[in-house]
Amino acid sequence: MVNLEFHDPSGAIEVKQPHAPRIATLEGKRIGFVSNEQWQAYRMLPRLKALLEADFPGIEVLPFGAFPQGNAVIGSEETAALVKASGVDAVIIGNAA
Amino acid sequence: MGVLTNAVAGVGLAPDAAMVTFPIEMFLPGSDIAPVEMRKREFYDGLTRWRSAFAGDGAGEAPMIRVEGTSVEDAFARANHLMLANRWGDGLPLWPPTRARVDWILGGAAQPRGRGLGIFPPRGGVTTVETCAIALAMAGGRPEYLPVLMAAVGAFLDAESGSEQLQAASGSAFPVVIVNGPIGAQIRLNAGFGCLGPDPQRPAGASIGRALRLLQQNLGGALPGIGTMANYGGMRYTNVVFAEDEANLPAGWTPHGTERHGFAPGISSISLAFANGVTNIRRRGAKKETPEEDAQQGMHRMADFMRVRNMPGLSGYERGTPGILMIPGVVAQTMAGLGWTKASIREFLWEHSRIPAEQLRRAGCPAWIEIDASKVTRESLALDPWPITASPDNFVIVVAGGGHPTNSYWLQGYSPGVVGRPIDLSSSFESLLADADRDLGPR
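Going down the list, the sequences are from chains A and W.
Under the working numbering, think of the first position of the first sequence as 1, with each following residue one higher.
Under the working numbering, think of the first position of the second sequence as 1001, with each following residue one higher.
Just so you know, these hints were derived from the structure itself, not from any lab.
Treat the hints with care, as some may be off.
Calculated lysine-lysine pairs in the BS3-like style (CA-CA distance at most 25 angstroms, straight line) [as the list claims (entries may be wrong)]:
{"no.": "1", "chain 1": "A", "residue 1": "29", "chain 2": "W", "residue 2": "1040"}
{"no.": "2", "chain 1": "W", "residue 1": "1040", "chain 2": "A", "residue 2": "49"}
{"no.": "3", "chain 1": "A", "residue 1": "16", "chain 2": "A", "residue 2": "29"}
{"no.": "4", "chain 1": "A", "residue 1": "84", "chain 2": "A", "residue 2": "29"}
{"no.": "5", "chain 1": "A", "residue 1": "16", "chain 2": "A", "residue 2": "84"}
{"no.": "6", "chain 1": "A", "residue 1": "84", "chain 2": "A", "residue 2": "49"}
Working from the sequences, and respecting the hints, build out all of it.
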C-alpha cells in the first residue's frame, strides 16, 4: 500500500468577535433596517415593517430609508455610527441575492 | 447563503448568521413577495432566538490529510477524488500538496513560511506564505514562480483592488496580473504569442494564475453558486498572468509597472487589476492603407470596441481602469515610428470611446451611475458624450502578444483600482533558475 499525506488547502479562519446578542422580545423595541436598495428591498422591507408593527405591541420600526442606502455605503463606519446613534435595539439588513 | 457566511467570517465573526433565505425568483422585478409574510416567524426568531452554531475561535493550523492507495497512481487518484469531494479543486488534475512538494515550493520564498499576508476575502481564510505555497504546489507550479504569486496575493488582498466585493459578485470578474522586469523571462512567463493561453515553452502564467484561483476558492470561499455568484466565471481556471514584452517596447515607451506604479525600470513587479471580458480586435487594414491610415483605422476600431456601457466598470471609473489594452510589439514600434506614445494613444481612445448621453439613457444607465459611491462618477452624468472613464490615464496599455501585427486584445475592466507590488526574491533564486534549466531545458 502507498500512503500519501498532504496539506489541507482550506487554511484556518479566526473568529475575533461574537455575534450581537439577541433581544429577549420584540415588544416595545426599536428596530431599524439597513438596506442596499437592491433586489426588491423597496417592497420587501416595508412589508416586513408592517408585519412587525402588527404583531408586536409598542414596537417602533424605523422606515427602511432611515439610514444611508446602497452597497457602497451600508458597510461604512459612518453608517454604523448612525445606526448606533439612533438607539435601535436590533437591525435587519437586506436584501442580498 | 455562502456569500453571506463568507462575508461575516471575513469580518471576524463566526461563519454563520441569522438569515432568512428565499429562492431568487422573489428578488426579481414584479415578484410575489407573499412568502415574506408566510415566513415572518423566521425573521422574528432571527432577532430574538438565533444562536451561532459555530464553536471555538477557528484559529490554528489546518490538519494534514491522509489517503491510502494500492499503488502510486491509485493514491494519486484518491487524493484527487478527495480534493474534489472537499471542494478544494477545479476539476483538472491537481498535485497533492505533500510536505515534500510544499517545502520544495517554499524554496522560492523570501519570507518565513508562517509569515501572515492578511485575510483572504470574503471568507477570511488566514493567508500565509505557506498557504500560497500549498496552492502553487496543487497548481503544478515551481518554486521560482512563488515570488510572483506572493506579490499578486499581496495586491489582491489590498482593499484598493476591490477583491472583497468582486470575489462574491455576479459579474464574473477575474484578476489580471501584469509582470514587469527581468523575472518574466527568468521564470518562463509568456509575453509573446499566446501569452494568455497554454504554452509548454513558457508555462509559468498558468500555474501562478491557477494557484491564485485556488486561493480565491479555498481561502476566500469563492465557490461557484455558493460563495461567488458569478454567472459565467470565464478565464477563472488560470486567471490571466503574463509579462509585458519589454524587449519590444519602442524607444521612449516606459514599462507598465513604471508608468502606472512608479517602479524603476528593471525592477521586477506585478500590477493587478480585475477584468470581466476578453475581446480580440482585428486591428490592421486589409488593402492599400498607408502606415498612418493603418494606425488610425486600427485605433478607431479599438475605440469602437471600448464604446460600451460597461456598468460593472463604474467601480473603477474614478481611479481604476476601463480595461487593459494589449498591443503586439511590432504594432507598438510602428506606431511609435509615426509619433504615437502610450499617452497619446490613451488620449485618442478616451476621446473616441465616448458614448452619447441619449444612448446611455435608452439603456437605463443613468440609474447605475447615480447610485455609484464616487462623486466623480455621479457627476460624469453631466458630460455628453459620456467618457467611459474619468481620465485617459486610467487606460492600461501593455505591449505583449508576439510579433504579428493583425490583432490587439481588450480586457474589459471591472476594477476599482490597479494595484502594484514589487517582487521580493529569495536568496536562492538564481539556483532555482538553474534547477529549472536542468528540469525543463534551456530557456
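Do the hints match the structure? See the list:
Taking the CA atoms of residue 29 of chain A and residue 1040 of chain W, the gap is near 17 angstroms; set against the 25 angstroms cutoff, the hint holds. Restraint check: the Cα-Cα separation between residue 1040 of chain W and residue 49 of chain A comes to about 11 angstroms, which is no more than 25 angstroms; the hinted pair holds. For the suggested pair residue 16 of chain A and residue 29 of chain A, the alpha carbons sit about 28 angstroms apart, so the restraint of at most 25 angstroms is broken. Between residue 84 of chain A and residue 29 of chain A the CA atoms are separated by roughly 14 angstroms; this keeps the pair inside 25 angstroms, and the hint holds.
The hinted pair formed by residue 16 of chain A and residue 84 of chain A meets the criterion: a straight-line CA distance of about 21 angstroms does not exceed 25 angstroms. Restraint check for residue 84 of chain A and residue 49 of chain A: satisfied, since their Cα atoms lie roughly 19 angstroms apart, inside the 25 angstroms limit.
The structure does not agree with numbered hint 3 stated previously, though it agrees with all others.
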